Amino acid sequence: QKEVEQNSGPLSVPEGAIASLNCTYSDRGSQSFFWYRQYSGKSPELIMSIYSNGDKEDGRFTAQLNKASQYVSLLIRDSQPSDSATYLCAVNQGTDKLIFGTGTRLQVFP
Amino acid sequence: DVKVTQSSRYLVKRTGEKVFLECVQDMDHENMFWYRQDPGLGLRLIYFSYDVKMKEKGDIPEGYSVSREKKERFSLILESASTNQTSMYLCASSLKGTGVSTNEKLFFGSGTQLSVL
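Respectively, the protein sequence lines represent chains Z and L. Per the working numbering, the very first residue in the first sequence carries number 1; after that it's consecutive. Per the working numbering, the very first residue in the second sequence carries number 111; after that it's consecutive.
No lab work stands behind these hints, which were simulated from the structure alone. Being a predicted model, the structure only gives us computed values, none of them experimental. Be aware that a few hints might be false.
Derived lysine-lysine pairs resembling BS3-like cross-links, with alpha carbons at most 25 Å apart [stated by the list, open to error]:
{"hint": "1", "chain 1": "L", "residue 1": "K215", "chain 2": "L", "residue 2": "K163"}
{"hint": "2", "chain 1": "Z", "residue 1": "K42", "chain 2": "L", "residue 2": "K215"}
{"hint": "3", "chain 1": "Z", "residue 1": "K97", "chain 2": "L", "residue 2": "K163"}
Can you make the complete structure from the sequences, with help from the hints?
Here is the structure:
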């Protein structure tokens with residue numbers, strides 16, 4: 001079992017819709033959770049971090065964490081073509097290093 | 111803004127060559143990391159360092175070594191390059207964190223696409 005799992009996609013959504021990206025992790029001791037966005041040919045950049053169960057909102061982005069289900073998700077409201085990218089889920093297991101998922105490719109079409 | 115600079119964007123080397131990948135950050139970050147990124151495999155940690163002259167193995171250290179003689183510079187060394195080391199190499203840095211996570215925001219360099227022929 002992979003430590004951090006994501007559906008590779010592509011996830012295709014129309015402009016203006018809500019995009020829902022999901023991630024599961026295997027280590028129950030994981031403490032910190034991150035979403036990175038990576039445009040094609042570019043480096044990853046952090047867009048959200050979440051540490052406690054529940055929702056965390058930042059503009060059009062909402063991160064959701066459920067530690068009991070070992071599940072973290074990212075919702076993007078009012079999706080724009082500029083949101084088209086690969087979204088990487090990353091988990092800190094408390095060992096001072098991040099474990100990344102393989103990423104979900106999101107395509108937002110006009 | 112934090113800047114993480116990798117010395118080369120594209121690099122082509124021959125099998126058996128010794129390869130040096132250089133990374134420099136300008137924000138006095140304590141932590142530095144080397145990842146490789148391959149299609150379908152995602153980002154995998156090779157080595158990391160929390161201080162000068164200190165290094166820790168990541169998940170795939172075999173065939174690699176690192177050097178951190180100065181706080182701002184973290185070098186990845188391929189002792190004898192092989193074709194299976196053809197990959198995108200990403201350097202990252204972060205501040206030493208507090209509390210739950212010592213691994214807060216990672217700042218990535220632009221990457222080095224290494225091809226070993």
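Hints and how they fare:
1. Between the alpha carbons of L:K215 and L:K163 the distance comes to roughly 22 Å, so the proposed pair stays at or under 25 Å and holds.
2. The suggested pairing of Z:K42 with L:K215 holds, with an alpha-carbon distance near 17 Å, which does not exceed 25 Å.
3. Distance check on the hinted pair: Z:K97 and L:K163 sit about 18 Å apart at the alpha-carbon level, within 25 Å; holds.
When each numbered hint is compared with the structure, no violation occurs for any of them.
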